[in-house]
Amino acid sequence: MSEITPDLVRHLGVLARIQLSDQEVERLTGQLDVIVDNIAKVSEVATPDVPATSHPIALQNVFRPDVAGGQLTPAQVLQNAPDAADGRFRVTAILGEEQ
Amino acid sequence: MTDLTQLSAAALADKLAAREVSSVEATQAHLDRIAAVDADIHAFLHVSDHALEVAADIDRRRASGEELSPVAGVPLAIKDVLVTTDMPSTSGSKILEGYLSPYDATVVARARAAGLVPLGKTNMDEFAMGSSTEHSAYGPTRNPWDLERIPGGSGGGSAAAVAAFEAPLALGSDTGGSIRQPAHVTGTVGLKPTYGAVSRYGAIALASSLDQVGPVTRTVLDSGLLHDVIGGHDPHDSTSLSHAWPSFAAAAREGATGAVLKGLKVGVIRELPDSGFQQGVSESFRAALATMEAQGAEIVEISAPHFEYGVAAYYLILPAEASSNLAKFDSVRFGMRVDVPGGTVEDVMARTRDAGFGEEVKRRIILGTYALSAGYYDAYYGSAQKVRTLIQRDFADAFAQVDVIATPSAPTTAFKLGEKIDDPLQMYLNDVTTIPANLAGVPGISIPSGLAAEDGLPVGIQFLAPAYEDARLYRVGAALEALLVDSWGGPLLDRAPVLGANGGAR
Chain E
0 MSEITPDLVR HLGVLARIQL SDQEVERLTG QLDVIVDNIA KVSEVATPDV PATSHPIALQ
60 NVFRPDVAGG QLTPAQVLQN APDAADGRFR VTAILGEEQ
Chain U
0 MTDLTQLSAA ALADKLAARE VSSVEATQAH LDRIAAVDAD IHAFLHVSDH ALEVAADIDR
60 RRASGEELSP VAGVPLAIKD VLVTTDMPST SGSKILEGYL SPYDATVVAR ARAAGLVPLG
120 KTNMDEFAMG SSTEHSAYGP TRNPWDLERI PGGSGGGSAA AVAAFEAPLA LGSDTGGSIR
180 QPAHVTGTVG LKPTYGAVSR YGAIALASSL DQVGPVTRTV LDSGLLHDVI GGHDPHDSTS
240 LSHAWPSFAA AAREGATGAV LKGLKVGVIR ELPDSGFQQG VSESFRAALA TMEAQGAEIV
300 EISAPHFEYG VAAYYLILPA EASSNLAKFD SVRFGMRVDV PGGTVEDVMA RTRDAGFGEE
360 VKRRIILGTY ALSAGYYDAY YGSAQKVRTL IQRDFADAFA QVDVIATPSA PTTAFKLGEK
420 IDDPLQMYLN DVTTIPANLA GVPGISIPSG LAAEDGLPVG IQFLAPAYED ARLYRVGAAL
480 EALLVDSWGG PLLDRAPVLG ANGGAR
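If you're matching them up, the sequences are chains E and U in order. Count the first sequence with numbering that gives the first Met the number 0 and you get residues 0 to 98, in order. Count the second sequence with numbering that gives the first Met the number 0 and you get residues 0 to 505, in order.
Note that these hints are calculated values from the structure, not bench results. For every residue, glycine included, the Cβ atom is placed at its ideal position computed from N, Cα and C. The reader is advised that the hints may include incorrect statements.
[Stated by the list, open to error] The calculated label-pair distances, taken between Cβ atoms and stated as ranges, are:
| hint | chain 1 | residue 1 | chain 2 | residue 2 | range |
| --- | --- | --- | --- | --- | --- |
| 1 | E | H10 | U | G455 | 48 to 54 Å |
| 2 | E | A84 | U | P245 | 49 to 55 Å |
| 3 | E | H10 | U | D56 | 25 to 31 Å |
| 4 | E | T46 | U | K264 | 29 to 35 Å |
[To be verified] Just some of the chain E residues that point at chain U, by a computed CB distance under 10 Å:
| hint | residue |
| --- | --- |
| 5 | I3 |
| 6 | V8 |
| 7 | S20 |
| 8 | L31 |
| 9 | S42 |
| 10 | A67 |
| 11 | I93 |
Chain E on its own, in the form it takes in the complex (with noise of 0.2 Å):
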């Protein structure tokens, strides 16, 4: 058995920014128990002797030369934003009152 628990799964929701609600954690919690379960068999053939493989064609040093170009303008980057002032994103409060 793997060792997923509600509150670990709480605290990864945290983590990875989604407000799970207390049915999503329980839900969550056992399917990834098996997930886990069954996954977690990478372990048997990943001797200490093999390779990790990052990429499947490696390659390096990907440079192009140093020119601007294929800029957005300043409109275009905004068309999509939730909210938008001054030509600048706008967000709620960054700290909360406590902070």
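For chain E, the structure is supplied; the task is to place chain U on it using the hints.
Below, chain U without anything else, positioned relative to chain E:
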């Protein structure tokens, strides 16, 4: 006049070039078809309101004697994961409802430059997470062969659109089988190119080290024609390969002669026994192999001992990369924002992401966040990356012995809508045969091999080739396709039920 929607893209392109039909006529025929059948199929999330203008422009240019690409004027459906400036791009998610990109994905820009006519955006599992399109925030797509069944996923919309003759060509994306598995269940053709062969710029990222854009069509030649348009190096994608690719349409035409099968070594994987597949799927697979053997191909048993760890590695790597890629949906710069009176920006973000993401997306983000957590990283993500190496080695060993590997494209035919929706693990196992190609970066194609005896539903055969050998898949796929279509007396889709009984044609 022939029904223009029934033509292959290649045949339609020939008629356009010969000025037997106009692009406006071809585009109108497909828009009419969409109007007639898409209420039942729901392949499209958005239908372009200016496709006819685009088509008229192609017609004008052709009339003025301008040299056009071989496919100019042919309609195209675009998976909603690819951003477009003139149509919304949602990736099947509520969090991006109405999003209008300020730029086109490179593949879309190349399609427009080649004169393809975008018809609309196709439905998909939210952020391409799924094997059935049931995870679309806008409701599922239905399989044209049986409206109670799934069209595959994540690109069920693109596959259903070509299977239902709503478009001759479509673009898809394949992270673990999202082009090939929908092709399998809808009796169509889908190819995942070598990783880096087609630009990912403007494809809303799911798992960046696995995602690859590719063609979705009814014939192998049509896939080659579309691949020729979208492929090649793109400086906007730093994983794009600067490789001199041959013409894939030419490879398909060459393959159709069948000469490629003589002496071709086809690997069959010992660790994927027939017992792991629905009986009708393995029977269709074996029959297709026998057809190839009769033309001089040699069937060789090979071993790929680490493929059985592929699904496990995939469901660690994908959620890890997805949890990172989807962090950008933060309610600040684009997408949904939920109002939280008196809340801080973090409260708004957390509530927005809970409301805007669907169940499967949240499941994978949480799983990915777990796999990347301190203390678990080595055991999970690190181990999964090692499995990637082992699977690459399995491929290298196999391709030292054989030219291509063949597998059934998926374990079963199309299952019923709702059948696996509450069992995520069972849903994940749909991708057992397609995932290894994404983990290793090699190309794969699925073409129809026939119908399963027990349910009369389409089955696909998958071929895999070494990285950079995409043309080999077109040759082999076209060779088998020609033999099978000949033996059936016509394309497999001729046997699909008539759609649009409420007024549509065919």
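A quick look at each hint next to the structure:
1. E:H10 to U:G455: 48 to 54 Å: holds (49 Å)
2. E:A84 to U:P245: 49 to 55 Å: holds (53 Å)
3. E:H10 to U:D56: 25 to 31 Å: Because 55 Å falls outside the window, the suggested range is violated.
4. E:T46 to U:K264: 29 to 35 Å: holds (31 Å)
5. I3: holds (8 Å)
6. V8: With a closest approach of 6 Å, the V8 of chain E hint holds.
7. S20: Status holds, d = 7 Å.
8. L31: Hint on L31 of chain E: holds, closest Cβ of chain U at ~6 Å, below 10 Å.
9. S42: holds (5 Å)
10. A67: Violated, because the Cβ-Cβ distance from A67 of chain E to chain U comes to roughly 14 Å (cut-off 10 Å).
11. I93: Constraint on I93 of chain E satisfied, holds at 6 Å.
Comparing the model with each numbered hint stated earlier shows that hints 3 and 10 do not hold.
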